[in-house]
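Student: Sequence lines, in order, name chains A and B. Under the working numbering, the letters of the first sequence match residues 1 to 286, in that order. Under the working numbering, the letters of the second sequence match residues 1001 to 1316, in that order.
FYI, nobody ran anything at the bench for these hints, they're computed from the structure. Yeah, the Cβ is synthetic: ideal placement off N, Cα and C, and Gly gets one too. Careful: at least some of the hints might be erroneous.
[Stated by the list, open to error] Subject to a maximum C-alpha distance of 20 Å in a straight line, what follows is the list of computed SDA-like cross-link-like pairs (lysine to any residue):
(1) B/K1048 - A/G6
(2) B/K1048 - B/A1085
(3) B/K1105 - A/A168
(4) B/K1105 - B/C1158
(5) B/K1048 - B/H1074
(6) B/K1105 - A/P169
(7) B/K1048 - A/P169
(8) B/K1105 - B/V1168
[What the hints assert, rightly or not] Sample of chain A residues at the chain B side, in silico, Cβ under 7 Å:
(9) S2
(10) Y89
(11) S91
(12) L149
(13) L150
(14) A168
[What the hints assert, rightly or not] Away from chain B, derived, C-beta distances all over 12 Å, residues of chain A:
(15) G6
(16) L16
(17) L26
(18) W30
(19) A33
(20) H36
(21) E88
(22) L120
(23) L144
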Amino acid sequence: MSVPAGLLDAFAGVMLLVAAISATRLALSWRPASRHFGPDADADVSHLLMGLAMAGTLTARLATLPALAWDIIFAVLTAWFAHRVTREYRSGRGLRALVSEHHAPHLLHSAAMLYMFLALRPAPAHAASAMAGMPAAGAQTLRLPTLALLFAFLLCAYAVADLDRLPAPRHSHPAPAPSPALALAGVPSSAGLGVPAPAGVPASAAAAAPALLGVPAPAASGASAPTDASTTATPVTSRATATSSASPAPASSLAPGLGRLLSPGVARGCRIAMGVTMAFMLIIMI
Amino acid sequence: MTALSTTPPQAADASRSAVDGRRVLQLGLAAVWLLDGVLQYQSWMFTKAFGQMLAGAATGNPAVIAAPITWDAHLVEHYPVLLNAVFATIQLALGLGIAWRPTVKAALAASIAWSVAVWWLGEGLGGVLATPDSAVAGGPGAVILYALLAVLVWPRDCPGPFVAARAVGAPVARILWLVLWGGMAAIQLLPVNRAPQGVHDDITAMAAGEPHWLAALVNGTGSLTAHRGLAFSIGLAVVFCLLAVAVYLPAPIVRAMVVAAVVVGLLIWIPGQAFGGILAGGMTDPNSGPLLVLIALAYWIPRPAPDPAVPPGAAP
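This is chain A alone, in the form it adopts within the complex:
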């Protein structure tokens, strides 16, 4: 007997939800003036693609692309995030780049997905076949299972680290509407919303604004330095500074629900769901 189909469908449903949220975040971060996406677009793209790939692997009828296409996609994503982590490492962060939440988790997720698709063993003949020629996850096994276990450990570790950074609910409830001054500075009306500032607002303005809300101000160099893992319990600050130099539509132009989708908490939530699901898939395919 394999893993119950209902369970696989449930995980696949969560992955589709993550993909949908990531697609929406990507669309909301589009800046028509500069014809660019927001600074976190690479993470959202990777979440979107991983969500689709995992949903297809978990449930055969949701398969979209052939395995070779996913191999290429995740090889490119892994190379991209390895480049981003290397840059972060060289920018003075050193080994902290490997435990920060900026690029390292995405590198881990991309590498785990690449491994998963490369290591899939041909399924037994009796296993159900998928649209793209792959059986559902419960019927597959992986080569190099030690690597699968290592990835599963790391995914669990990063997932709990991400959860540790999630603020309490009282910090993440957005107020009805941001004040014009704070909205202009890209600061949400309550901690946790984290809607970025519009283009042209100096980083110092965005950095100073949180003090008005009674939350700690970010480091002065926060515009370029990634936020430390242990300093993100109040996510508003880092987000405001990190994206202040180039940012999407003003927060005030978004409906509260949509604006909230851009918060770091939502990105972390997606990452946690993805990490747990990926660990689940690796373990059941060992």
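Following the hints, put chain B in place on chain A, whose structure we already have.
Tutor: The following block gives chain B in isolation, referenced to the frame of chain A:
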């Protein structure tokens, strides 16, 4: 190791950049629960065989202990899919709950209750009242170590030199350490575990189904102990006893004790338990090795910070 400070929570709240050793250990426990939850979703657990395995834990136990185990095992045999999905989800929720700060206390409390329940109904109290597994095989039952760790990292602030002391006070923390390692020494010296092939069989049983490199490592380790069960058991018991009493010695020795306990935990876990047999499939947890390591780290005494007024190299 130096990252394991004993910063009080108020200070940690004020500056999250300071690493709080207790929080690190809580997150370690959360990660292990998360892994347990994921392992519990393996396909084998959704079969009647899982219930039959649980029923085996009743063997040799007194009736008052065995009856609930048998009842629970029959229930799982009848509803394997539903109950296993519930078990796995509970363990996943424990991991997520400990990792999320607002729910840490509730999740730690639930973790203690769940661990005790599983230790009884799933592991037959680790066989303590029947035939205990050797320390190498995970005795006195891996899951009770989850409860112990949850107690030791409970968010409380008693004065004490190490993380575990902050939760329960230094005297109680030391007694718990003494009981843990002393108990493991006693279990190791039981006739079933000190038999000539006892340690050997415990170790080599883990090689089946493992990847080649790990099976070779486990079998190699097992061959070292073949027909030397008594000598190895006495040696292990001596090491465990030394670890047990070292917690009462001065700080430098306690630090050495923690390092030694971590090494022992890793040796038990990798060549002894083959990562808990996870790579062979069908295991519900990574066994006792990682828990022993996390518990040991809860006793680490941080070195005092150097006085900035004294220049480096200056005589005190």
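Student: Which numbered hints are broken by the structure, listed smallest first?
Tutor: Going through the list in order, the structure violates hints 7, 10, 11, 13, 15, 23 and respects the others.
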